[in-house]
Every structure is written in C-alpha cells, then in structure tokens.
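K.L.:
The lines below spell out each chain.
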Amino acid sequence: METKKKNDKKRLRNLRRFTRLGVQILFFALFPSAYASAFAGVKYMFIQIGAHQLIELTPFVAILIALCAYTFVFGRFFCGYACAFGSLGDWIFGIHKAISGRRTKRPLQIPEKIMDWLSMLKYLVLAAVILLCILQKFDRTQGMSPWDAFSQIRAGQVGSLSGYVIGCLILGLTLIGMFFSERFFCRVLCPMGAVFTLLPVLPQLTLRRDREQCIHGCSGCTRACPAGVELPDAASWDTPGECLQCHKCAGVCPRGNISCKGRRIRGDELWLTALRVLILGALFVWLGV
Amino acid sequence: MKNLIIKISCMALILVMFAEYNAVTATRLANEKVEQVKAEQAAQTAGSGTETADSDKGSGGGSAAGAGYKDGTYVGSAQGYGGTVSVEVTIENGSITKIEPIAHGGEDAAYWDMAVAVIPQIIESQGADADTVSGATFSSTGIINAVIEALQQAM
Chain A
1 METKKKNDKK
11 RLRNLRRFTR
21 LGVQILFFAL
31 FPSAYASAFA
41 GVKYMFIQIG
51 AHQLIELTPF
61 VAILIALCAY
71 TFVFGRFFCG
81 YACAFGSLGD
91 WIFGIHKAIS
101 GRRTKRPLQI
111 PEKIMDWLSM
121 LKYLVLAAVI
131 LLCILQKFDR
141 TQGMSPWDAF
151 SQIRAGQVGS
161 LSGYVIGCLI
171 LGLTLIGMFF
181 SERFFCRVLC
191 PMGAVFTLLP
201 VLPQLTLRRD
211 REQCIHGCSG
221 CTRACPAGVE
231 LPDAASWDTP
241 GECLQCHKCA
251 GVCPRGNISC
261 KGRRIRGDEL
271 WLTALRVLIL
281 GALFVWLGV
Chain B
290 MKNLIIKISC
300 MALILVMFAE
310 YNAVTATRLA
320 NEKVEQVKAE
330 QAAQTAGSGT
340 ETADSDKGSG
350 GGSAAGAGYK
360 DGTYVGSAQG
370 YGGTVSVEVT
380 IENGSITKIE
390 PIAHGGEDAA
400 YWDMAVAVIP
410 QIIESQGADA
420 DTVSGATFSS
430 TGIINAVIEA
440 LQQAM
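Residue numbers (our numbering), protein chains in the order written: chain A, 1 to 289; chain B, 290 to 444.
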C-alpha cells in the first residue's frame, strides 16, 4: 500500500515536472521576447522622464503593466514558467546536473551566503539602467546587453553579431554562470527580476509552509529551491520576492506541508498551472508579445 | 501583513508620482505649444509669409527640399529584425505623401507598432532623415532602409 502511494506521488511529481518543461518550451517558442518587451517599458518610462516628455501608453509600457499586475496576483509565475532566459538557464543547469550524475545534492554550488550578497547586484543593475535612461545616455550601451545578443542569435541574425561583441561576452559568462549555479542570471543580474522582487504579491496563490508539521532540521524545500528561498509560515501574509513559483519545493516536501495561504490550494496543482498559463498566454497574445 | 501593506502603499505612491509627472508635463507641453503658435502668428502678421505648398508644418527639418522625386508608387524592401520589411511609398507632386508598410518580417506586434512611428517623421522630413525608435531599433531601421530603397527608384 505504502509503495503504491509513493509511486503515485512520484508519478504525479514527474507529471508536474514534465508539464513545467512543456510550458517553458511553449513560451520559449511563442513568446521569447516577453522579458525584453517588459523591460523596454521600464527603460522607455525613464527615458521620457529624463527628456521631460510624456509617458505614453506604448505597447512596451502596456506589457510591463500587465506583467506586473499578473505578478501581483500569481507571483513570479512568469519567471518560473514563461521567461525564455530563465528557461534557458534551467536547461543549461539541467545539462550540468545530468553530466555530474548526482541528482540529490546540488553539484558544485556557490555557498548560499555568497549568493545572498550577489543577489543584491540585480538592484544595482536596475538602478544603473534607470540612471542611464534618465540621463539620456542609455544608447551608449548599445550592443552590451546579453539579452539583446541572445535575441539576435535567436532571430538567426548571426551576421549582425559584430555589433554585439560585449553583449555576446556577457551572455557567454552568464550562460557559464547558469551552468554552474541554478538560475544564476535571475538571482544575480536580472533587472526585471529586481522589479519583480520589489512588487507586492498577494499570498493567496503563492507558497508557504506549515512550520509546525516540518521535520526538524529537514529544509528539503530550501535545498531544492533554485533561489534558496526559506518559505514563510503558513499564516504569513508575506511572499518572498525571490520565489520563482517553480514549485520544486512542493514536489520535494516529504510531509506535503507546502501550500498557499488559506491552505485549500497546494499551489502546484495542474489545473492551477493550466489556468495561469492560459491567462498569461492570452495577455501576451492580446498585447502583441 | 505589515510588509504587504507597506509594499502596496509604496507601489501606490510610485503610481501617483508617475501620474502627477504626466499631468505636470502635459500642462507644460500644452503651454509651450500655445507659446509656439502665438510666436508663429506674430511672425506671420509681421509680414514674413513663406508658405511652401506641400508641407503642413513650416519647420525646417531634413533634406529633399525641392529634390523632386518622380511621381508614382514604389516598393522598397530591407532587412528588419526577423525578416524582410517592405513598404509602398507614394509620391505626388514630387513629395512623399504616403508610406504604407506591406510586409513586416516576423516582428512581434509590440515592436512593429513602435517601429511604424518612424513613418510620420520620414514624411515630415521628406527623406530618410528620421531617428530610429529606441527599443525597436532593428525594426525601425528596416522600415527606414526600405523607404530609402523605394526612394532610389523615384530619383
């Protein structure tokens, strides 16, 4: 009886993992520029401010607002399931895990304390970009963005890469970082991620854990988490800004302690994932991502 | 609960600041426009009326003053972001009167919508003397280059 339950649990968990992979591939193929478009909205707003012009509702600004509103309700589901760059990082890190063969422990990782400090870098990146935009000097960074270099490669424009030498270099370093450390770019460098961590998020659909039920000294969730998040207690109204809504924690918890506020919803149910995917996809189609 | 309330309040404050900024800027731009119109009227009544028949704003940007293009419709193409961009340029009485995009090379709709903003600038400058759209550089460059190719047929 016990083994059947365990097998069922395992099968369900694998199903959820494959679903996530499928969704990531879907968004990578259909909406690869979502991240860039939203961040272009951020840059546009501050360029306008610096030029003393009106902030108009351009498509980029619309995508930015929509994505932030979506994140307010659903948490950073975009980061965990739909961002092309994040998916790329997951797949590269997956290759690393497969090669190193150790699946239970995280291979070769940067110590969490150092990662905590490094995670502050993305706020610096955001601040620097905003400052450059206000000072009307952002076009000087043309060709330096690893994201732009990635977009060029993805669009097949290999010929124009000569204008993106620095961008390609940073992209290469980022990919190496993502190979060795899960979601390295997202935790350490992503300015859009910095924006997301600063947003308020409703707790009704984001994850927390029932501390009273935890096995003493377990922290399986934190160890499985790509961002090293320590989930808040079940009664908390807080949502950790670093949580990417990837649901690996829920898949790993031996006691099934992980759920959303209100405890009715676990947070990684397939119907909920489908709902979130549909809403996000519809938003993207509507906004022309 | 406290943290969530603080974050929501900060977000609300930031949104209010952006709205205020826009309101103030709109007022300032409107006032500047009024001043500009007044200045133009004053210049006109002072008797210096140089009206060119074909331009709707008397501003002196760009080239092609009297570089009479041949009348007709021309199609030009160039490389955009993800593929080839084609435009149809209409010349009447030696000037560009219409630019119509007829193919966009696989650009995402959001980028394309931003890039076509370059078209009014091209018409106003009567040449390819327009700034690319920041954030949609490749798409807008594609449109500009496509227009250049069309104009070369009209020389």
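No wet-lab data here; the hints were simulated from the structure.
Please note that the accuracy of each hint is not assured.
Capping the alpha-carbon separation at 16 Å, the derived lysine to aspartate or glutamate pairs in EDC-like fashion look like this [said to hold, decoys possible]:
#, chain 1, residue 1, chain 2, residue 2
1, A, Lys10, A, Glu269
2, B, Lys291, A, Glu269
3, B, Lys291, A, Asp233
4, B, Lys296, A, Glu269
Just so it is clear, the structure is predicted and the values come from calculations on it, not from any experiment.
K.L.:
Taking the hints in turn, state whether each one holds.
P.N.:
Now for the hints, and whether the structure bears them out:
no. : hint                 : result
1   : Lys10/A to Glu269/A  : holds, 14 Å
2   : Lys291/B to Glu269/A : violated, 29 Å
3   : Lys291/B to Asp233/A : holds, 15 Å
4   : Lys296/B to Glu269/A : violated, 28 Å
Consistency with the previously given hints fails for numbers 2 and 4, ordered from lowest to highest.
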